[in-house]
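Chemist: For the protein sequence lines, the chains are A, B, C, D and E, in the order given.
Its first residue numbered 1, the first sequence is counted upward by one per residue in my numbering.
Its first residue numbered 259, the second sequence is counted upward by one per residue in my numbering.
Its first residue numbered 517, the third sequence is counted upward by one per residue in my numbering.
Its first residue numbered 775, the fourth sequence is counted upward by one per residue in my numbering.
Its first residue numbered 1033, the fifth sequence is counted upward by one per residue in my numbering.
Derived by calculation from the structure, the hints in this document are not laboratory data.
As the structure is a computational prediction, the values presented were derived from the model and not from experiment.
Just so you know, even glycine gets a beta-carbon here, dropped at the ideal spot from N, CA and C.
Don't take every hint at face value.
[Claimed, not checked] Cut-off 27 angstroms, straight-line C-alpha distance, at most; resulting in silico cross-link-like pairs (DSS-like, lysine-lysine):
| id | chain 1 | residue 1 | chain 2 | residue 2 |
| --- | --- | --- | --- | --- |
| 1 | E | Lys1205 | C | Lys689 |
| 2 | A | Lys149 | B | Lys407 |
| 3 | C | Lys689 | B | Lys431 |
| 4 | C | Lys665 | B | Lys407 |
| 5 | A | Lys225 | B | Lys502 |
| 6 | D | Lys849 | D | Lys1018 |
| 7 | E | Lys1205 | D | Lys947 |
| 8 | C | Lys594 | C | Lys760 |
| 9 | B | Lys502 | B | Lys333 |
| 10 | D | Lys923 | E | Lys1181 |
[What the hints assert, rightly or not] FRET-style restraints, in silico, Cβ to Cβ:
| id | chain 1 | residue 1 | chain 2 | residue 2 | range |
| --- | --- | --- | --- | --- | --- |
| 11 | A | Phe246 | D | Phe1020 | 22 to 30 angstroms |
| 12 | A | Asp119 | C | Gln654 | 55 to 63 angstroms |
| 13 | B | Thr386 | C | Thr637 | 28 to 36 angstroms |
| 14 | A | Gly94 | B | Asn493 | 29 to 37 angstroms |
| 15 | B | Asn493 | A | Asp93 | 38 to 46 angstroms |
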Amino acid sequence: MVDLATLIGIFGGLFFIAVGITMTPGSDFRFFLNPASVMITLGGAVCSTLITFPLRDLRNVWRVIVLAFREERAKPAKLIVDFRRYADIARRDGILALESVTQDVRDPFLVRGLQLAVDGTDPEMIQTMMRTELEYIQERHNRGIRILKQFAIYAPAFGMIGTLIGLIVMLGKLHDPSRIGPAMSVAIVTTFYGAILSYLVATPLAEKLTVRNNEEALVKEMMIKGIMSLQSGDNPSIVEQKMKIFLSPKPQEGRRWE
Amino acid sequence: MVDLATLIGIFGGLFFIAVGITMTPGSDFRFFLNPASVMITLGGAVCSTLITFPLRDLRNVWRVIVLAFREERAKPAKLIVDFRRYADIARRDGILALESVTQDVRDPFLVRGLQLAVDGTDPEMIQTMMRTELEYIQERHNRGIRILKQFAIYAPAFGMIGTLIGLIVMLGKLHDPSRIGPAMSVAIVTTFYGAILSYLVATPLAEKLTVRNNEEALVKEMMIKGIMSLQSGDNPSIVEQKMKIFLSPKPQEGRRWE
Amino acid sequence: MVDLATLIGIFGGLFFIAVGITMTPGSDFRFFLNPASVMITLGGAVCSTLITFPLRDLRNVWRVIVLAFREERAKPAKLIVDFRRYADIARRDGILALESVTQDVRDPFLVRGLQLAVDGTDPEMIQTMMRTELEYIQERHNRGIRILKQFAIYAPAFGMIGTLIGLIVMLGKLHDPSRIGPAMSVAIVTTFYGAILSYLVATPLAEKLTVRNNEEALVKEMMIKGIMSLQSGDNPSIVEQKMKIFLSPKPQEGRRWE
Amino acid sequence: MVDLATLIGIFGGLFFIAVGITMTPGSDFRFFLNPASVMITLGGAVCSTLITFPLRDLRNVWRVIVLAFREERAKPAKLIVDFRRYADIARRDGILALESVTQDVRDPFLVRGLQLAVDGTDPEMIQTMMRTELEYIQERHNRGIRILKQFAIYAPAFGMIGTLIGLIVMLGKLHDPSRIGPAMSVAIVTTFYGAILSYLVATPLAEKLTVRNNEEALVKEMMIKGIMSLQSGDNPSIVEQKMKIFLSPKPQEGRRWE
Amino acid sequence: MVDLATLIGIFGGLFFIAVGITMTPGSDFRFFLNPASVMITLGGAVCSTLITFPLRDLRNVWRVIVLAFREERAKPAKLIVDFRRYADIARRDGILALESVTQDVRDPFLVRGLQLAVDGTDPEMIQTMMRTELEYIQERHNRGIRILKQFAIYAPAFGMIGTLIGLIVMLGKLHDPSRIGPAMSVAIVTTFYGAILSYLVATPLAEKLTVRNNEEALVKEMMIKGIMSLQSGDNPSIVEQKMKIFLSPKPQEGRRWE
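For reference, chain A alone in the conformation it holds in the complex:
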């Protein structure tokens, strides 16, 4: 259920950075912990994001981010197998028999689609309703992606602002030369935080969600196609054929590289 790649990526990235720090002669993890830097980078970037987007979109952003940590549910191949079974049931016991099937389906989008077919809703109407809902889901995810992308811009900007603060203070008090080094060290930590937040967290998550969003649209388009096919009374192999158009042709051949 958990998307291991995302977890391994983030913790692996932090691990490599930590090992890199440990391997640097004379290093000390305390150099890299600075509450003031956290406040400026994270606080500032969050505040700028808060200005940018309506509150209700920001409340949704967590639910979108969570998606990047979850393995995608719908496998196109399994979906086709399921639809063959639905087509079998519909042929044998009539389309009303699909009512029972919806109990086991976990994707609410698919449940709604099947229910509409069972209810005998007009096909054109089903298609319009499902496509509208698909667009709405995509739009909500896109808002989450835009928020992450904007955060990825603000985080290094506030990292730089924090470093400027450190430099200004340090240079303003250049009476005690022994403090120059440590002060600059602290100043640069802010840029370091900004870069990690942007390049290890926000940008990769935003890109992953973009890839996911495109895949989800494809799977949901397959569902719509399948439900249309079910309702028109197609036999199982026709249902399968119509849904396969969305898949790569002959995946087994794909192994032979062309």
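Add chains B, C, D and E to chain A, keeping to what the hints say.
Modeler: What follows is chains B, C, D and E alone, placed relative to chain A:
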């Protein structure tokens, strides 16, 4: 009425920066106040913006910026409820009875639309007039957005110019080494101002107004649809159904995450 | 006639920079004057621009730049008033009477259009000819804009090249430490010149001309519409109505903010 | 079979960098080898890429990268000669005789196409199937290209993060001035690694694959055209003429420069 | 024949840089000559370009670059005069008489077009063939432009890599402070080379070729139009009129600025 997110964002961002400054050992707020830096960053960026845009667009920019600090007025859900009521009145007492309703409506765009319907203007004509006005409103807001975005480019550029000035003066007088630090500190304050103006103020406001502008267009499109529906004598539930196309389908189901 | 905003912007920007310099303790205007820096930044950027564009486009660039310093001539509101008058004359004394009117018109585009109408040229033909000429004018201005934008890229690049030259020379002769500061000061002046040329001059002018070009296209489209209307014998109020489509609806209402 | 340009480019680039290092007075290759830098740059960039893309796309990336090291197989000119021969065979011995030809063809895409023609599949169907497969191949390659481009963004970012780590540690321990230089040297190696990974490896490979992808699409379009032509029973010279449309006209004349 | 603007631009730019160097007090041209820097910047950027593009495109790049140093051949105005003459000849002596004219024409594209007209090729066919050839020429030039643009990205990147090498070596050997300056001076020369290659050579040439390519397309479109007109037996003034559509209207009026 006030958009708290914008206020909290700007003041929160300034607060985090101020706390960050306070937490930096040996810091002093006076290091961060420098009239010369204000003149160069703000004055220079304003002047470049003055060259870029016609004066009449610049006079409008304040009115557009103010929108980013105001909670949006029109709530789509409430709008549909209102239109159901208008449809009820129109059905019971004739469309002329809507005249009285316009007294309570505060959005001048909607008032104008209802008035046109009451006056029995040709439907096609109403649609053309309202869409033209919508485009004009959008265009005016877009001009404000473009001004903010351009200012967000100029501010850090003049921040850098100010820092260059400081460096040139400091290096040109490198006879008294004890003054290097403070002079550079002052020089860097200009870059600091430019970064804050761009990343905490101009960019987030421009992005927020862009998001707002798209939402406003949607709401005003709903109004046009509703007025068309009212005028054609639709009953309340048809008016509602026609306007709901613009909304996300089944928002209550949206809670179940798909 | 002179566009005050452009002049105030450029001189205001230079003024703020000059004041900023004056307010920097220990500064000296001579630090900011360096013939070598002028040669590298301006000479280099001009030469790169010379390579980029055909000579005949470069000869035109001054005439395009001049436009940024001139108040736009055609006021849409006044244009409509004028056309009402032309329509009046055409109605009373026939379209040939417009011949005399062209004496007082200063926009050669409009003169040509009116002349074509007076000559009884085929309406379709007038429209094609005027639109072709409009496209040509736009294209010529766009070339000027592209030249300014390219110059705005080259100027800071050569500013950086000049600073690199200064650094290389200074570091190559690091025997006399007392000269480091002044030498670096000179080196950085080149970057300073490049930034001002790009951010206070070339970029704002290019953006202003882009805004202007769009406005001019609108006004000239209004003229074409008006001439078409005149020639088809429309009465003054129809001419006015047809031209007003290009204007914002009910500008007086615009004051009430929506 | 091996694409010499890619190999010469990468090893040549490394060679020039190595020579440049050798020619720098007082250099030592050990300065440029630092395990901590490798871990941060390579490890970090790989981890961020791991977050960004689904695992199955990442497993494919090697097969796509390999393509950049292989000379492209299909030469358009040779392809036309082959198709003339196929057309000859089909004319003499019937289209079924092409069955034997497919033994010698190495491109599985072409084999599949010829087989479909031999099997007497409906022409429209062949075209749809082959174009779908072509789109799928292109899409798979595009995913590899997107991964490389994203890696080219992450590599210098983690290079910078590694340099920040080195700077923070070094400045935090500024008690022993004799160690400043070597510590900074190590810090900068990370940026050096990031720049090489991005500008000598990932970016050029991604760009090459983009160019290749476009060429491959052209060749495969030619194959589809050729198979369509074969199946409709065209004579060899018509097959050739139809396929030549995809080639540059009169390549021999191309020598004369116009 | 030689495009003076390109030559003056490149040599002028180098001249201003040389003068700038001379005017810098204490400079020495030897500071700016460093074989190691040449190898890294030029060698590295060429190698990355070698990876990026197919060898056959790289072999063509010189022929495309040469175009930037040649005055464009076809003058639209002269072309129209020529076509009037051709139309005269065709009217008087029949279209076959144009055979002799092709002797004096130097543009192979035009020769081919006229020959096709003389041969009595089907007009539609001529148009298809000439437009295909035009697209091919444009595509070949575009490849050269893409190579230059990519080189303009790689050159400063390898300039930076060279500077990093210099810094790493210098800081790694910080035992002899007297050598810091000269070593850094050498390091920065690499960035200097990269900037000049990109901003004075590759970028301006790529942009110039883009402008040229668009102009050439226009002229060749005029030729196609002219040949079509010749073949359909139009009289000289009709040929002229049809070709003039591609020109700016009334260039003599253009002088009066609008």
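Chemist: Of the hints stated earlier, which fail here?
Modeler: none
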